[in-house]
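Engineer: Single-letter residue listing:
Number of protein chains: 2
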Amino acid sequence: MTKRPLILISNDDGVDAQGIQVLTKLMQRLGDVIVVAPNGPRSAASCSISPIDNINITLVKEELGLKVWRCTGTPTDCVKLALDGLLDRRPDLMVSGINHGDNASVSVHYSGTVGAALEACMKNVPAIAFSLQTKNHQCDFRPYEDVILKTVRYVLQNGLPDDVLLNVNFPEVPQLKGTKVCRLGRGRWMKEMMQVGENEYRLTGYFQNLEPDSEDTDYWALDHGFASITPIQLDTTAHALLETLKKEIEGDCNT
Amino acid sequence: MTKRPLILISNDDGVDAQGIQVLTKLMQRLGDVIVVAPNGPRSAASCSISPIDNINITLVKEELGLKVWRCTGTPTDCVKLALDGLLDRRPDLMVSGINHGDNASVSVHYSGTVGAALEACMKNVPAIAFSLQTKNHQCDFRPYEDVILKTVRYVLQNGLPDDVLLNVNFPEVPQLKGTKVCRLGRGRWMKEMMQVGENEYRLTGYFQNLEPDSEDTDYWALDHGFASITPIQLDTTAHALLETLKKEIEGDCNT
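Note that the protein sequences, when read in sequence, are chains A and B. One point on numbering: in the working numbering, the residue at position 91 of the first sequence is 91, and numbering is uninterrupted. One point on numbering: in the working numbering, the residue at position 237 of the second sequence is 237, and numbering is uninterrupted.
Hints listed in this document are in silico derivations from the structure and should not be mistaken for laboratory results. Any given hint could turn out to be false.
One copy or any two copies: either way a pair holds, since identical chains are not told apart in the list.
Said to hold, decoys possible - Listed next, the in silico DSS-like pairs over lysine-lysine satisfying Cα-Cα at most 27 Å (straight line): (1) Lys67 to Lys191; (2) Lys61 to Lys3; (3) Lys61 to Lys247; (4) Lys150 to Lys123; (5) Lys135 to Lys246; (6) Lys177 to Lys191; (7) Lys177 to Lys61; (8) Lys135 to Lys25; (9) Lys191 to Lys247; (10) Lys246 to Lys123; (11) Lys247 to Lys177; (12) Lys177 to Lys67; (13) Lys191 to Lys150; (14) Lys247 to Lys150; (15) Lys246 to Lys150; (16) Lys246 to Lys177; (17) Lys3 to Lys247; (18) Lys246 to Lys61; (19) Lys25 to Lys191.
I would like the entire structure built from these sequences, with the hints used as guidance.
Structural biologist: So this is what it looks like as structure tokens:
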């Protein structure tokens, strides 16, 4: 009998969030599952880690083919801990989410959901981040199950190129119009600091899509009822600029 | 008389770190300076932000051409707050650091120093992150002053392309051999979780350079006594994969 694949799950909404529970049940259909997730919300944790405080974990569930750990660290800490402390074999796949809130365009940089997937990717574990464009803690995830299962089966069968992960976003709709592979759209968060006291501020703001008409972007897909799948790469070097900068800055600095 | 450029400074080691104080003094030679930096260490804060807690700030210094704010948030919060609350005009440049510890290769993903620069870049403010490969809290930064000033002058004069920042790293040496424009090297952190109790871990580990002989990488430059300058881009889409994935996954998901 072929060994069932081992699937590692984390998120940034915490181990008790509905999204990770739905994802866990789905993944149990496909393999053995280990969940290592934060003990509470870590939204917008990005790739942050905990260099100062010790990290504590508690085993909260253990049954055939499933182990669930609750962790005091960040999403990235959870993945490091799983790969470097808790797992006795290398996972075949890491999935992150399902995040409550989309992680499209520049939001990939703030996202703990994407951060966790990026950490797995750095360690050569194929990784997928799933996010739903919603502000609700309780949602109907059934419209997205089919795409999640198909994406995961594709990656389990084919793997992913080195240093690349998949970032999957869903619009909150009763039925998807379809799925689009697309690039990150250009956009930015605006008016993000609300003053709430003399020297006190609260994070707020709205997202401004800088190219709402570009059909090849993730936000276009979401705005039009499609799931978006974007391959994200680890290497952020702006390769196209290297030659120009070599001539200009390197020359300046070396004289 | 031409208006002096306005330069925004932040870091992830906190407002009291030596690196940001050295950088502040250097920038005062070139323009008016506003510092908005965390009230203590935020190493490895990445692009994390504070969606739950309010953010408090205190003005700790105000003199001609210089204002220094201490902030309870992350490096990214500091930049958002500066651009969206504290500044009455748009800065001409944002500089981050000088970080105590390098931020080369994959460490750019964990770095709060780079995170702060990325935030400025998202808001179209030209940004440079500076980091020194050291473990010391007190260092001699004089060997790097010339490259810092030259890089900053270059960017003040020429700007940077949209959605690109510069990531500058220095080796800890009495005298630089020179400066190299280079790509991020491939590498990864290893053995990162040390067990310190039954269910308690501490972050540790060492960096493994996966291409130590590649002369076009940042770590090669640092290992050989050169400053490294790497252009980093906001867009992390793996563009080269879009067509293949469109054929393969999009087909799967839409049937």
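Engineer: Take the hints in turn and mark each one as holding or not.
Structural biologist: Hints versus structure:
For the identical chains of this complex, lysine 67 and lysine 191 are inter-copy neighbours only, at 22 Å across copies versus 42 Å inside a copy, given an alpha-carbon limit of 27 Å. For a Cα distance limit of 27 Å, the shortest separation of lysine 61 from lysine 3 inside one copy, 22 Å, qualifies, whereas the shortest one across copies, 63 Å, does not. Taking the closest pair of Cα atoms, lysine 61 and lysine 247 never come within 27 Å of each other, the shortest separation being 58 Å inside a single copy and 40 Å across copies. In this assembly of identical chains, lysine 150 and lysine 123 lie within 27 Å of each other by CA distance solely inside one copy; the values are 24 Å within and 37 Å between copies.
Proximity of lysine 135 and lysine 246 under a CA criterion of 27 Å is satisfied in neither setting, with 46 Å inside one chain copy and 29 Å between copies. Within a single copy, lysine 177 and lysine 191 get their C-alpha atoms no closer than 32 Å, and across copies no closer than 44 Å, so neither meets the 27 Å cut-off. For a Cα distance limit of 27 Å, the shortest separation of lysine 177 from lysine 61 qualifies neither inside one copy, at 37 Å, nor across copies, at 56 Å. In the homo-oligomer, the alpha carbons of lysine 135 and lysine 25 lie at most 27 Å apart inside one protomer (22 Å), although the nearest pairing across protomers, at 45 Å, exceeds that limit.
Proximity of lysine 191 to lysine 247 under the C-alpha cut-off of 27 Å is found in neither arrangement, the shortest distances being 38 Å within a copy and 39 Å between copies. Within a single copy, lysine 246 and lysine 123 get their C-alpha atoms only as close as 31 Å, which misses the 27 Å cut-off; across copies the closest is 25 Å, which meets it. Only between protomers do lysine 247 and lysine 177 lie at most 27 Å apart by alpha-carbon distance; the minimum there is 18 Å, versus 49 Å within a single protomer. Proximity of lysine 177 and lysine 67 under a CA criterion of 27 Å is satisfied in neither setting, with 35 Å inside one chain copy and 52 Å between copies.
In this homomeric assembly, lysine 191 and lysine 150 never come within 27 Å of each other (Cα to Cα): the closest approach is 38 Å inside a single copy and 33 Å across copies. In this assembly of identical chains, the alpha carbons of lysine 247 and lysine 150 lie at most 27 Å apart only when taken from different copies (14 Å versus 47 Å within one copy). Taking the closest pair of Cα atoms, lysine 246 and lysine 150 come within 27 Å of each other only across two copies (14 Å); inside a single copy the shortest separation is 44 Å, beyond that limit. In this assembly of identical chains, lysine 246 and lysine 177 lie within 27 Å of each other by CA distance solely across copies; the values are 16 Å between and 47 Å within a copy.
Neither within a single protomer nor between protomers do lysine 3 and lysine 247 lie at most 27 Å apart by alpha-carbon distance, with minima of 54 Å and 29 Å respectively. Within a single copy, lysine 246 and lysine 61 get their C-alpha atoms no closer than 55 Å, and across copies no closer than 38 Å, so neither meets the 27 Å cut-off. Proximity of lysine 25 to lysine 191 under the C-alpha cut-off of 27 Å is found in neither arrangement, the shortest distances being 39 Å within a copy and 31 Å between copies.
Of the numbered hints stated above, those contradicted by the structure are hints 3, 5, 6, 7, 9, 12, 13, 17, 18, 19, listed in ascending order.
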